[in-house]
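**Student:** Can you build the whole structure from these sequences, using the hints too?
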Amino acid sequence: MLCETFRRLVEFGAISSFRYVGFGSTYFSDFALFHRSLGLRNMISIEKDAQNSSRFDFNRPYKCIDLKFGHSNAVLSTIPWNVRTIGWFDYDDPLDASILADVRFLCMSASPVSLFVFTVNAHPDEYDEAHPRLTALTQKVGEEKVPHGVQEADLSGWGTATISRRIITNEIRETLNSRNGALPLDNQILYKQLFYFRYADGAKMMTVGGLLYERGQSSSVAKCDFDSLPFIRTDVRPNATPYTIEVPSLTYREIRHLDSQLPRPKRKRLSSPKVSAKDLRKYEAVYRHFPHFVETEI
Amino acid sequence: MPEPSEPNPALVDAWPTKDFFISMLTKDIELVRSIIDLVDNALDGARRLRKQNDYSGLFVKIDATPQRFTIVDNCGGIDINLARDYAFRFGRSSKMKPTPHSVGQFGVGMKRSLFKLGKKFLIRSDAPTSWFVLKVDVDDWKKDDRKWEFEFDEFAEDLPIDKEGNLGTSITVSSLHAAVSEAFSDENFHTRLAKEIREAHTQTLEKGLRVSLGGVPLDVRPLMFLESKDLKPALHEMSWGKGQSEVSVKLYAGISDSKPSEAGWNVFCNGRLVIAADRTLVTGWGENGGKLVPHFHPQFSRFRGYAFLDSADTSALPWNTTKTGVDTDSPNYKSVRVEMIKLMRPVIDFLNALASEKKVQNEDERTLQMTIDAAKSSDITEVQVSHAFKSPKVSSVRTPAEPELTRIAYWKPKKQADEVKKKLKVSTSRQIGEKTFEYFYKRECEE
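For the record, the sequence lines run as chains X and F. For the first sequence, this note's numbering begins at 1 and goes up steadily by one. For the second sequence, this note's numbering begins at 1 and goes up steadily by one.
The set of hints was computed from the structure by calculation and includes no laboratory data. Careful, some of the hints might be misleading.
For lysine-lysine, the following DSSO-like pairs were computed, each having C-alpha atoms within a straight-line distance of at most 27 Å [unchecked claim]:
#: 1; chain 1: F; residue 1: K358; chain 2: X; residue 2: K48
#: 2; chain 1: F; residue 1: K393; chain 2: X; residue 2: K266
#: 3; chain 1: X; residue 1: K140; chain 2: F; residue 2: K291
#: 4; chain 1: F; residue 1: K334; chain 2: X; residue 2: K68
#: 5; chain 1: F; residue 1: K359; chain 2: X; residue 2: K48
#: 6; chain 1: F; residue 1: K291; chain 2: X; residue 2: K192
#: 7; chain 1: F; residue 1: K393; chain 2: X; residue 2: K48
#: 8; chain 1: X; residue 1: K68; chain 2: F; residue 2: K393
#: 9; chain 1: F; residue 1: K291; chain 2: X; residue 2: K48
#: 10; chain 1: X; residue 1: K140; chain 2: F; residue 2: K334
**Tutor:** As structure tokens, this is what we get:
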């Protein structure tokens, strides 16, 4: 889905002219995907585990991936930002002050047009009366970042995701507001949210992100026609509805069988023996983005 | 201010009393700052006189004794119209023609300073086509709350133009307030005053204005950066606004000598230092809870940042009325601050790496320290700059791996602790803790 969205940036020139920055880990799956399907060549992977640098080097799938070792807070400021960048910062951790520092730095520095996506762990802390979730959140992000009025009850279930996304959005807005202070109207940097995903693979994960562009580029942004993509969510209001990624539980045989019926003509029903209607609905929503191969042990 | 001719029963008297006014006016300014404000006034005269920014031959002489305060300059004098319409008026008239690139802006400086210092003041000013003498006894003036004018004691105007003969202003304040008189008898106050004037007007002193305090000239302390092939301070330029109200900004960030008292950001507005060696959130330190930019720490004692904001229209600059700070809510300053943070971050990274390099045993491997030792100190006006701070690649520094640490502290009977000390052959309690921990870990935890 990210890939399909990034393709729309062609309004701003060849996609391959964008740089990709992310956390490749040892798998580099995002890097491999974006290199293969978008042709990105200028790629930087930030890796905090400097002790095992040779292992990361070994696992690098393509030569064009530049590895930078160190904490993202420190590494981001060492790379030049006069390049249009697509960045996906997939943190395994819950939102904290250090992630917000990255958000701020990126919004301060990014060249328009750039697109940033942040994924954080938004699983609520274990219920424990002695240690309220709100206190933990306040300690993690800092008192001044927790929106006024947020209460303990707001953090249960998907609530932590909702609040995390709100805090990240506030950080983006505040930073752009500062950055824009002295800029002429047309050069002011605007934020258009594109992604607001919920996804649970065991832990609840929340993804938020969007486009940073100059006001003067608004018409090109409109031409990208992001809104026609079904998973795009541009509403930045605190209580906006996210796009929930639901993964159906299907076998490969079922998947092939369903694929042969898709895309489904109107009024035609999808069918597969013994697969629940719910899983059918889930699969139809994501089939084009569903992984078609899997790494397996022999 | 006209008085109503007949009493109107519906009117509520809201006239300010002069006592209230003076106390409000002088409350928020420090003594040192009020004297620097008077230097600012002289400097604005110099700006009117010398458009080329070369102030050689011009002087400001300050004398502060427990009996009286005097400040004498040859910076062109105050024109009688300026005195009538502006210099002694409270607040700046919108009709007043501004001095381009001046530091006086709010129309409070001179009066506030004089009221702050004492109860009697005498001003004589010789301008190219006019001169005047003004004596004020504040106690007399305060008696009538309805009469706000001052009166020249002597004056002449529309004289033939006298270019630069003996033009200037002298101000004497006597009947000093007790606290002021006491401060002026304190040598440390003079030291502090000298330091602050020197800092506030570094740029002006560099342009040749001679300022003396008690007959001793204030020397110029130029702004320096360490520079070499591998080490260059960053320079970022930006601007906003058009024409008269265009503000141009130059930001420098780099390293210099390790001096904790001088480290930090310095912000100048039209050459006047308004924030000195700042290490607070105002200039970006501790941004995002210290994650984006750390809180200041002595290992950053080499950091120097200079922000120069200049505008022909003084009111376009984001400073406050006492010129002791910037208006942090100003959108323009917020924008400048963003750039300051971006410039300083690589310097901080370098200084962090420099600090961790100290742990390397072999001195020959301390490459960052060697880079610093090999660099020369250059004046900010001559230093070679780069668009971002240039330093040897920080990531190439190999520092020993450091696992995350936690601190353990506990209380135990002293007698027992002494026995353990003996057994371990150590002398401090800290060593007891470390040795006993290692003993346990080795036997019970190590695989």
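**Student:** Hint compliance check: list the failing hint numbers for this structure, sorted ascending.
**Tutor:** 2, 4
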